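> Construct the entire structure; sequences and hints are all you get.
Residue numbers (the numbering used here), protein chains in the order written: chain A, 1276 to 2166; chain B, 1276 to 2166.
These aren't lab readings, by the way, just hints derived from the structure by calculation. Just so you know, not all the hints are guaranteed correct.
Which copy is meant is left open, so a pair is good if it fits within one copy or across any two.
As the list claims (entries may be wrong) - Think about it this way: if two alpha-carbon atoms lie no more than 20 Å apart in a straight line, the pair counts; the simulated SDA-like pairs of lysine to any residue are:
| id | residue 1 | residue 2 |
| --- | --- | --- |
| 1 | K2094 | A2109 |
| 2 | K2094 | A2003 |
| 3 | K1315 | E1591 |
| 4 | K2094 | R2106 |
| 5 | K1627 | D1539 |
No experiment lies behind these values; they were computed from the predicted model shown.
The residues making up each chain are set out below.
Protein chains: 2
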Amino acid sequence: MSSTTQRVFQFGAGRADGGADMRDQLGGKGANLAEMARMKIAVPPGFTVSTEACLHTLANKGRLPEGIESEIERAVEQVEQLVGARFGDPASPLLFSVRSGARVSMPGMMDTVLDIGIDEATFEGLARKADYRFAFDCYRRFLQMYADVVLGVDKALLDRLVERATDDADCGGNLNGAWRKLSELADAIRDASGQAVPTHGREQLLGALRAVFASWNTPRAIAYRRIHGIADNWGTAANVMSMVYGNIGPDSGTGVAFSRSPADGQPGLYGEFLFNAQGEDVVAGGRTPGPISEGADAAFAGAPSLESRLPEVHVELCAIVQRLERHFGDVQDVEFTVERGRLWILQTRNAKRAGRAAVRIALDLLDDGVIPNEAGALALVDARMHVEQVLHAEIVPGCERPPVLATGLAASPGAAAGCVVTDADEAEQRAAKGEAVVLVRRETSADDVHGMHAAKGILTATGGLTSHAAVVARGMGVPCVTGAGAVEIAEGGSGFRVGNRAVAIGEWITIDGTVGAAYLGRLPVVPADLSPALGRLLAMADGHRRLGVLANADTVEDARRARSFGAEGIGLCRTEHMFFGTDERLVTVRALILADTDAERDAALARLLPLQRADFEALMREMDGLPVTIRLLDPPLHEFLPDEAEGFAALSTHLGRPPDSIAEAVARMRERNPMLGFRGCRVGIVHEAIYRMQAQAILEASLALRAEGLDPHPEIMVPLVAVPEELAHVRAYIDEAATSLFNQHRARVDYKVGTMIELPRAALAADEIAAHADFFSFGTNDLTQTTFGLSRDDAERFLPQYESMHLVAHNPFATLDEKGVGELITIAIERGRATKPGLTMGICGEHGGDPRSIAFCDRTGLDYVSCSPYRVPGARLAAAQAGASSTRKGV
Amino acid sequence: MSSTTQRVFQFGAGRADGGADMRDQLGGKGANLAEMARMKIAVPPGFTVSTEACLHTLANKGRLPEGIESEIERAVEQVEQLVGARFGDPASPLLFSVRSGARVSMPGMMDTVLDIGIDEATFEGLARKADYRFAFDCYRRFLQMYADVVLGVDKALLDRLVERATDDADCGGNLNGAWRKLSELADAIRDASGQAVPTHGREQLLGALRAVFASWNTPRAIAYRRIHGIADNWGTAANVMSMVYGNIGPDSGTGVAFSRSPADGQPGLYGEFLFNAQGEDVVAGGRTPGPISEGADAAFAGAPSLESRLPEVHVELCAIVQRLERHFGDVQDVEFTVERGRLWILQTRNAKRAGRAAVRIALDLLDDGVIPNEAGALALVDARMHVEQVLHAEIVPGCERPPVLATGLAASPGAAAGCVVTDADEAEQRAAKGEAVVLVRRETSADDVHGMHAAKGILTATGGLTSHAAVVARGMGVPCVTGAGAVEIAEGGSGFRVGNRAVAIGEWITIDGTVGAAYLGRLPVVPADLSPALGRLLAMADGHRRLGVLANADTVEDARRARSFGAEGIGLCRTEHMFFGTDERLVTVRALILADTDAERDAALARLLPLQRADFEALMREMDGLPVTIRLLDPPLHEFLPDEAEGFAALSTHLGRPPDSIAEAVARMRERNPMLGFRGCRVGIVHEAIYRMQAQAILEASLALRAEGLDPHPEIMVPLVAVPEELAHVRAYIDEAATSLFNQHRARVDYKVGTMIELPRAALAADEIAAHADFFSFGTNDLTQTTFGLSRDDAERFLPQYESMHLVAHNPFATLDEKGVGELITIAIERGRATKPGLTMGICGEHGGDPRSIAFCDRTGLDYVSCSPYRVPGARLAAAQAGASSTRKGV
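Next up, the structure:
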C-alpha cells in the first residue's frame, strides 16, 4: 500500500473526509457516519480507519501499516479540538468507542468497545464530570467489553468476574474504593486471558483496532462470507468515535429509533429509549426501556417515554430520523444517545423489517416520493422471505418464543399450531371434528396424502427439501418442517420423543416452516393473507420482468390458486400425481403395470383414458388461453405398487390373482437405484401404450375444449431424455396419434412436444435434441442430482454437515449450483438455440421459486421459470428484481 | 450430379476404369475386381455402377440417374465384345450376375442375383451350351434369387415353390418341359409377390440394379450402419459381371480359397471346392465340398480335391492367391469358378480370421515382407476380439455348435464347459473333488465369491456388464455370461429352466463369455494361452503407443497377473474388496460401522489397520518401482452389512448386541439410491477416522518397503469428489498424517494424492479441483451412470431394447459415449491442465479395456488407461493402434 493513500478519515462538526458512497473504504457504518456529519447532523466527532489498513494488517501478521499510528495521532488531536477534551487528560478526559464496520453488515466480527481511554488519572477526571459511580460504570463497561471482544475471555467466566466486582451497590463507596474494585477485575481478566488489559489509552485504542481487523478472519466471519458470497478481500473498517454519555444522569440515556414500524410498516417514529444508560443496555434486558413516543405500543406500559420527559429532544429526533429516511431512501434504524439533554446520533442504517411491513413500506416510500422509481421500491422487498411471510401464516412477529424443540429444514413456508398426531387417518378424523392437528412422521408417502391435506402442519424426522413430504406440502400450501433428525417417532403410536422429552399424541406444538423449527405449545399465529398491498406491488413487478412465471400444478385447485397468484400458465403438470389420485385410479394403474396379457393391459388403459382426459380437460379449462405443460409419466412403475404383504393381499383381491404372483412381480421390478433406473421416457419407449394413452387423453381433452370455443394450449413434455433418438421416437408416435385423431375429429388444435433437460447427457446433446423439440424445460432437481451424483432422498445424511463445514455454500437443491448445473444449463441453452433459434426454454425444478436461481435464469436468457403456486408471487418479484438489476448493471 | 461424371466403370481382359484406391466410388468388391483386372488376373468382364448413382437413385424416389441406361447399354456392348457373346442373343447368350458392394462389407443389403438375361429364346441358346438341364439349373437359380432378393418373397414359401418345381429329377424331361415347369414357378412367384419376374434381360438387369441400390436403406442395413458408425451417405455400388458357369459340367465348379488358414494362420492355400456347382452352393450345404489341396484337413475326407482332379488349375490358383496376398498385404479370401477347366476369379477380400490365426498371420506377413512395417502388422489384429480369443479359452473354432440355449451379455471372455450348480458352496465342494462346474445364479453377491472362484464359468439371469458377477469374474479371469434373461432358477435348488427346457444340477453346459451365449452339453474348449507369438506382437505394440497401460487390481494375484501381462502399474485398487476378503475382516468392518462409541470404533479401526497395511505392502511389493493407485473406501457403508434376519442373528453373536439393534441400524442406513448416496469421500468426510486409517496403512506400508530398500509409489485416490472443498479437506488431513508419520519414522516416501473425476460436477469444476490434486483418474463407470442418469444395475431392463431399436449405437458402459461422457472428460482435461499443466490423467473405468474408448483416450491426450488384468494385453495393442492411426492421420 502506498503511504500516500489516505487511511484515516475524519468526521464530525458538520464535516467529513468521506461520504455514503465510500462504503468500500469506510464500511457501511463509517460511510453513513461521514454522510451524517456532512448533513450537519450531530454525530460525535471521530474517525474511520479504512478497510485497506485492515487488509494490510492481515497480510502482515497483524502489524498495522507503517506510519498509521501518527496518522491516528493527528486524527485524535483533531477530535480533541472539536470536542474540547483531551485523550488521557486527567482534567478533561476524552474517551473513545471503537466499532467494526464492513461493506455489508456481517455477524461474527468484533462488535464494540466503549469508554476507551481510562487510566488511573483519567478515572478521576471522569468522576469529576459526574460522580465516582459514573466513572465506575464507564470503566467497568470498558473492562468487560475489552475482555470479551479483544481478549476473548469466556463469557460465562467473565460474567462471574464482573458480578463479583459489581456486587457492592455502593461501587466501593468512594473514588479509591471504586478504582480498587475495578483493578481487581482487571487482574482477574489478566489471569483468565493471559493478557493484561492495557492501562494506557493509546494502547487500549490500538489493541481494539487490531482486534477489529483480526476479527475479519474469525471462523464465524469466514463461514458467513463463504455462505453469503462475500469476498475475503473486502476487509473491515474500524470506527473510532468520541464518547457521549447516556449514563451520566437522569436527563441522559440511549435509544434506538425507526423511521417507520419495522413490524407492520406504519409511518411514524417507533422505538425504545432507556434513561441513564449506555450502549447495549437497551437490547441487553435487565432494565425495561420505555417508548420513544407517547401513546405507543401497550407493551411499554409503565416505563416513561422519551417524548414525555424530553419533548424537545423528541421533536429534534423526529426531524432527524425523517431527514435520514428521505436522504437514504429507506426506513432507517437509528442509534442515538442523549447526554444531559443533548441529542447525538451514533449510527444509522437501513432497517430490517417483517414481510408485511416490507410491502407497505416499499409502496409508502414510493408514494411519498422517498424512492424515485418503481425499481427502487421493488428492491426493498425480499422476494423470498418477505413475500412468503405475507403469503403464509406466521408466528406473530416479536412474540416470545420458547426454546426450539427441534430444528429441521424449511420445507414448506408458513407457521401452524396444532395437536400432535402420527397417523394420517387420525389426522383426517380429528381435523374433520374441527381440531387443528400437526402430523408428525418419520417420513411420508403417497398413503399419507389425505392426512397431510387435513393437517395444519407437517413435521418429519427424515427427508430433504424435495422429499415427498416437502413437495406435497408445498403443493398444498401446508407448512412443513422436514429432516428434523432429533425427532424419534415412538413405537405403538404414543407420540414422539426429542431426546428425553416425550411429546404425546394430542399435545400442542407449533411449527415454523419458513425457518425450519418446531416448538412445544401453542404459539400465536397470524393467518395467511394475499393482501391488496402485495397485489399492487406484484402488478408493479410484472412491468419490470422479462422472465415469464408459470406454476407447477397437478390439480384444478393448484391451477386455480396459481392463476390467482398470477401464474401465466402451467410449466409442469406431473401426471403421476393424478395416478395416485384415488384408490380406484391406483388399482387401475396397478392392474396396468401387472398386466400379463395385451388384453389386460388394454382394458386398464381403456379405464384410465377417460379419467386422464377429464383431468387434462379440467386443468386446461382452468388455464384457458395459457400454456399447460403436461409431463408424461415419469417415475418408475414400481413406485405405484404396494411393497408389503398387506398391500399384496389387498391388491390380490382387487385383481383376482394370487398374492404370491403380485409379490413376485413387485420383487422383479424392484431397482437398486430407482432414480437412475427404468423411468421417464424409458418406460414410454418400452411400454409405448402408456404414453400413447396419455397423449391421446391430452389431445382429446384439447379438442373437446376447442369444440366449446375455449382456447387450450397443450404442451406435451417427454421426461428423462438422454439421447435425441428417444425424443424423436416418442415424438413420432405422438405426432402420428395426433394426425389420426385430428382426421377422426375433423378438427385440430395446436400442440407442442418438448422435453425435460434433466440429465447432463441431454444438456450436452441439446443441439441434437433441439431438432426434435418445440421447447426445453430444465428439470433442475434431477439435473442437480445427476450432476452431483447426489440423491435428494439420501443427501440429508451428510449435506447438513457439509453446510456446517462450509464445503458447500448452499444446499444445491435449494439454490441452483451455478458452477456445475448452471454451466450445463448455459451449454444447453446455447446449443439448443444454435439448432433452433426460437426454442422456448424455462426451468421447472424447485429452483424456479428461489430468487438467486431466478436471477441466474434471467441472466442466462431463459424464457420462464415455473414453481409451486405459493412461490409464484415471490418469483414474479424476484424476476422483476433480476430484470431491474441486470438493466442497472448493464449485464 | 453432373452428367459428365463417370458412373459406369468397366473391368476385364487386363484393363479397368477403376482400381483398389476407388473403394468410395466402386465399393470394396468393385474396386478389387478392377484392381485384379489391371493385374491381368482372369476376372469375368463386367462393369461397376458407382455409389453416386446409388445416392442419386435413392434421392429421386428410385429413379435411376438420367442417361445411365444408355451408359449401361454401352458397357454391356463392351462386355459382349470381350466375351464374344451377346446379351439376349439366342445363338450365343451372355448372362450377367449383379452384386451389391459398399465401401465396407455390410450385412443387410441385397446380396447376389445370378444368371440374369434368360428369356424363352436365350433359354434355348443356353441349353445349346450344354444341355437342357444346364439351362434349367441356370434359370431356376435366377428365378429363385430374383424372387428372394429383388421381389422379397417369403423364404419358406419360396423354398416350397422351388421344391415343387424341381421335384422332378428329370427337369421336365426336355427343353419344353423344362421351360414349362419354370414358367409355372415364375407364375407362382408373381402370385406370391404381386410382381412379375421380368421376362426380358434388360428389365431383369435394371430390376436387380434398382434392388441393389434400394437395399442400402433396408432397416437392417440402416441399423448396421448406425451401430458401426457408417455414414448413410456412402451408398453402395452395384457390380455387373458376365457369368461363368461352374455348373456346366464335371470339369467345372466353384470354390473359396484362403491364402493362409483363417483358423490357425498356417501358410499355404486353404479352402473348399465343389464340382459342377455355382454361386452359393459351397456354403449352402446340401452337397459336401472337397478340399482345394490334397492332404488337407481330415474333415474333407471323402470328397475329391481340386488338386487331384484339376492339378493345373490348382497350380494357377496357388500362384494367383499368393500374388493377391502380396499385392493387398493381407490374407485373401478369394471366390473363384472353374468353367470347363478354365479358372476365373470372382472376388477377393481380406479374410476374417480367428484370434490365434490373426496373431500368427500378422507376424508372418511382417516377416515375409508382405507388410512393410510394424504398424501395418499391428493393424491386422483386433485388439479386443482376437486378443481375447488368444488369452482366453475358446470353443474350438469351427466345431459344430448346438442351437444356443440362452444368450446374454459377454461379461467376461473365454469359454468353459462344466456341470451346472446353483449354489456357491456346492460349486466349491464339487470343484474340490476335481469336477468342472458352471455356477448358474439369478445374480451373485459377495457371499458367492468363493463359488465363483471355484467355477470354470458363471452364468447369471440378471445383471449387466458391470454387475457384481461381471466385475468379479473379469477380475478372476473366469468366463461369464450375465443378463441371460431367459434363465429362470428353479426353486428348491433343482437347477434352472429356459422356457420349457429344465436343466438339472450336474447336467453339462458350455458357456461362451466372449460372445455371451450358453449351450447345452459339453463343447470342446481350447485352453487359454499367452502365446510367445502374442508376446512378440505386444512387445512390438509397446513401441508404438503413447498411452500408458495400467491395471485395475485389488489382490496380489491380480497384480502379479497384471504385471505378467505387461501392466505398468495399478491404476485402481479398490480397497473395499479387501474389506470383503475374509469373514474376520467383514465382521471387523461391520463392528466399525455399527460402533456406538468412539472406543468401539477405534478398537475396530485398530484391528483393521494392520490388515490393510499388510494388503498394501504386498501389493506395492508386487508392483515394486511402479505406481500403485489406491482408492479410499468408496461404497456406501450399508453395503457391508447383512440385510436379512439370518445375518442380523449371526452378527449379533459376533458383536454381542441384540439382533434388533442391528436390524434397526441397518434399516436406518438403508438408502433409496445408494449410488447417489452417502458414499465415497462423503463417508471419508463425515467419518474421517476411516480414511485416516487407510491413509496411515498406505503410508506405513510404503515406509516399511522403503526400509527394505524397495521403491514403492503409492498414489492415494479420493473417490466421488463433486466440489473442490471435499478434496482440499481430505487432502489436508492426509498430508497432516503423512507429515506426522514421517517425523515419527524419521523417513519419508513420495506419495501422491489425487481424485477420481466421476461426477459431471467434478468434470466441470476440474479447474478448481486440480489445485488440490496430483492426478485425475476418470471413473468412467460412474461418470456414465450420472451423465446418463442410468444405473448400471438397472439398465438391463431397457438398454438391450434400446440397442435393438437403435436408439443407442453402443452400450455406453461398454464403449465410452463420446458425445456426452467424452465431452465432460475433454472439458476436465482442458481445465485441469489449465490449472496444473503437468497433471497426470487417466481412466480407470471399464472403458479402459475397450479399443474404441482407448482410441478416444489417446486422441484427447490422457496419459494412461487402466483396465482389468486380462484386458491389459488388448489395451496395449489398442493403444498402439490408436497411436499409429493418429500419427498416420495426423490427428
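> Look at each hint and say if it fits the structure.
Hint check:
Only between protomers do K2094 and A2109 lie at most 20 Å apart by alpha-carbon distance; the minimum there is 17 Å, versus 22 Å within a single protomer. Within a single copy, K2094 and A2003 get their C-alpha atoms only as close as 30 Å, which misses the 20 Å cut-off; across copies the closest is 17 Å, which meets it. Proximity of K1315 to E1591 under the C-alpha cut-off of 20 Å is restricted to the intra-copy arrangement: shortest distance 13 Å within a copy versus 117 Å between copies. With identical chains, the CA atoms of K2094 and R2106 are at most 20 Å apart both within one copy (18 Å) and between copies (13 Å).
Proximity of K1627 to D1539 under the C-alpha cut-off of 20 Å is restricted to the intra-copy arrangement: shortest distance 12 Å within a copy versus 86 Å between copies.
Violated hints for the displayed structure: none, as all numbered hints are satisfied.
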